Amino acid sequence: MAPSALSAADVRSVLARAMESTAVLAPVRRGRSSFAFQWIADPAEAVFSYPRTILPPKQALLPPREDLFVFQRAPEPAVRPPAAPDPITLFGVHPCDLAAIGQLDWAMQERHGICDPNYAARRAHTTIIGLECLPDEYCFCPSVGTAHTRAGADLFLTPVGEEFVAEALTEKGEALLASAGEKRAPSAEARDTWEHWAEDKESRVSRRLKAQPKELPDLLEAEYESEVWEATAARCYSCGTCTSVCPTCFCFDVEDVVEVGLASGARRRQYDSCQFLEFASVAGGHNFRGERPDRVRHRWFRKFVHLNREYGDAFCVGCGRCTKFCTADIGLVEVLNSIVEASE
Amino acid sequence: MSNPYLPDIATIQRVKPETYDTTSFTLKFDDPGVWERFRFRPGQFVEISVFGAGEAPFCISSSAHGREDFDITVRRLGRVTQALHAMGEGAQVGVRGPLGNSFPLDEVAGKHVLFVGGGLGLAPLRPQILEVYRQRDKFQSITVLYGARTPDDLIYRDELEQWQNLEGMRCLLTVDVGGDGWTGNVGVVGSLLSEVKFDVGQAVVFVCGPPIMIRFVVRDLVAMGFGEDDIISTLERHMRCGIGKCNHCIHGDKYICLDGPVFTYRQMKAMMELEP
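Same order as they appear, the protein sequences are chains A and B. Residue numbers for the first sequence follow this note's numbering, beginning at -4 and rising by one. Residue numbers for the second sequence follow this note's numbering, beginning at 723 and rising by one.
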C-alpha cells in the first residue's frame, strides 16, 4: 500500500474518529520534559513528538492492577470471569514499544501453549497507531533490532516537517486512514525524508551493545560468576523501577481483595518485580534469590539468556527506560558491555 | 476456551489433624463432571483458593486410584494455610489443576523403589507410594524411609503403622529427637540408608523433604551409587499462577509449575540458584 500524506489536523480527525468508538490512550505532556500515556478526552491532548514516556503503553494490555475474576463468599462461594474489556486505541506508539507489544503477545498468549485470557481479550480489542521517532542518548534500539518495527501497528505515522507520512498496515488501519478523508500522496520531498528516516535514525544512536543479541546467552552464561553482578548490586537499591518501567516485563503477583461486608471480592493481579527481596521466597522462609547480586543477575539472565533463547531474540527493545529512570544510574547496556569486555 | 485462572468449587469432606500444625483435608468437587477431567497423576499439584484469603499451591497427597476425591496435607504457615486450618467439613474452597508434571512410574518398572521422606515431604510422595504398592508386581522391592524432627511431627501416623506391617513393603521410621514413649530409631532420615541392602544399580529413589534434608540425603545417595537420573525429587516454590505466566517459580529457564515440580537430580544440578 502506497503511503499517503496526513496533516496534523488530519491526524487529530483520525483520533476523533477513533474516540467515537474506543477509548484512546495517547502520549500527553506531563511536565517540562516528561510525558505519559493517558486516556484522552480530546484529540488535542495527544502530542506528536516525545522522547519516551515513563511507563510504556503496556498498561493498556497488562494493567498494573486488574481482576482475574470476581468471587462471592456468601451464601456460598462462586466465581465469575471479568467483564469483557472495552475496545481501545493506542496512539503514538514508538517502534520499540511496538516490538515490546509483540514480545508480550508471545509471552502472554503463545508461550508454553497457554493463553492468558485477560491479556488476549484486551489485545483482541486493541487498535494501534504507531509513531516514528528520533532517538536520544538513552535509546539503543538498533542494537536489539527494533528501530524500524512496524509489526503490531494498524496505522503507522512518520512525522515529516509539518506533515505525516501514513502507512496503513491492516484493514483497521485502512479504515482509520479513510476517516481522514480523501487520500493524497506525500510530496516528493516528504517522501524522500520518509525513505531516509531509517538511516538517519540509526546514525543518531550512540549507545551500542558490543555484541549481537544472539551471542549474549553464551556470553552471559560464561560470566555467571562475574564480578559485574556484585559491582552492579553494590549500586542497586532493589527499588524495582527498572521492572516497572520496562515494556517487556510481565511478572505479577496475585492476591484477594475483599469488599467491605466480606460477602464478595476479587482475585487481583498486580505487577511484581524480580528485584524485590520477597519475589523468590517460599513458605517457611527460604529465599532462592535472597542476595541482591542474585536478583540483579537474574534480571539480565532472564532478558538476555533464557527468554532470549526461547523467544529467539533479546527480551528487551532498547527503549532506554530502565537506564534513564534507574534511581542508581545503572545502565543496562553498560552492564552488558562490561560482561562482553570481560569475556574478551 | 476455558479460563485457566478460574477455580472449580470443591467441598471439604474430611478434616484430619496430622500433627499440632499440619492437617489433611479431603476435597470433592461440587460438580461431579469436574472430576472426569481432573484425573491427576502422582506428583501433580493443585492451586487451592480460600476466597478472601487468596490462593496457594499444594501437592496432592492421596491415591490417584479408586477415589473420586483427593487430599491435601497442609502445614499452618501463611495466610492461605491459616485460613484453611480455620475451615471445617462442609466448607467450600476453589481448586485449579491438576498442574505440573508427575513422578515416573512405567519408566521405573522392574526396579527396586526407595522413598526417602522428611517431615511434610512425605505428603507429595504418598500418592506415588500408594501407586507403586498397588502395582507392586512390577517392582523388585518397595522401601519407605521416613523421618521427622520429633514423634509429634510424623504425619500419617495410622497409615505408617499399617505400612510397617504390610507384605511387600518395608517401612522404617526415625526421628531427630526422641522422647517419652518413642522406642523407634533416633537420628536423621539419612541414617536409615544403611538399611538399604538392594543393588542400587537397579534402583530408583524418590526423595522429598526440607531443602537441607534433600541436600544431605542426595549426597549420601550419590555416594551409595545411585545414578543422577535415578534420584527423583519434587520442588516446592510459591507458584502463584501455576501456568507459567507470573514467573515466581522460575529457576533459570525452568518453571517449577510447568517443567516440574518433579525433577531428577541431574536436572536439579543444572538449575540456576539451586544447590540440591
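Quick caveat, the hints were computed from the structure, so don't treat them as lab data. Please read these numbers as outputs of a predicted model, since none were measured by experiment. In this text, a Cβ means the ideal position worked out from N, Cα and C, and glycines have one as well. Some clues are possibly wrong.
Among the chain A residues that face chain B by a calculated CB cut under 7 Å, a handful are [claimed, not checked]:
# : residue
1 : D62
2 : F64
3 : V65
4 : F66
5 : A69
6 : E273
7 : A278
8 : H301
Here are the simulated lysine-lysine pairs, DSSO-like style, with alpha carbons at most 30 Å apart [stated by the list, open to error]:
#  : chain 1 : residue 1 : chain 2 : residue 2
9  : A       : K205      : B       : K833
10 : A       : K319      : A       : K167
11 : B       : K991      : B       : K976
12 : B       : K738      : B       : K991
13 : B       : K976      : A       : K209
14 : A       : K319      : A       : K196
15 : B       : K991      : A       : K209
16 : A       : K205      : A       : K178
17 : B       : K833      : B       : K919
Distance windows between CB atoms, simulated [what the hints assert, rightly or not]:
#  : chain 1 : residue 1 : chain 2 : residue 2 : range
18 : A       : A229      : B       : E790      : 55 to 61 Å
19 : A       : Y232      : B       : D951      : 40 to 46 Å
20 : B       : E758      : A       : E339      : 56 to 62 Å
21 : B       : R988      : A       : V42       : 53 to 59 Å
22 : B       : E758      : A       : G256      : 33 to 39 Å
Taking the hints in turn, this is what the structure says about them:
no.: 1; hint: D62; result: 10 Å, violated
no.: 2; hint: F64; result: 6 Å, holds
no.: 3; hint: V65; result: 10 Å, violated
no.: 4; hint: F66; result: 5 Å, holds
no.: 5; hint: A69; result: 10 Å, violated
no.: 6; hint: E273; result: 9 Å, violated
no.: 7; hint: A278; result: 5 Å, holds
no.: 8; hint: H301; result: 4 Å, holds
no.: 9; hint: A/K205 to B/K833; result: 53 Å, violated
no.: 10; hint: A/K319 to A/K167; result: 34 Å, violated
no.: 11; hint: B/K991 to B/K976; result: 12 Å, holds
no.: 12; hint: B/K738 to B/K991; result: 36 Å, violated
no.: 13; hint: B/K976 to A/K209; result: 20 Å, holds
no.: 14; hint: A/K319 to A/K196; result: 19 Å, holds
no.: 15; hint: B/K991 to A/K209; result: 25 Å, holds
no.: 16; hint: A/K205 to A/K178; result: 44 Å, violated
no.: 17; hint: B/K833 to B/K919; result: 14 Å, holds
no.: 18; hint: A/A229 to B/E790: 55 to 61 Å; result: 57 Å, holds
no.: 19; hint: A/Y232 to B/D951: 40 to 46 Å; result: 43 Å, holds
no.: 20; hint: B/E758 to A/E339: 56 to 62 Å; result: 59 Å, holds
no.: 21; hint: B/R988 to A/V42: 53 to 59 Å; result: 55 Å, holds
no.: 22; hint: B/E758 to A/G256: 33 to 39 Å; result: 36 Å, holds
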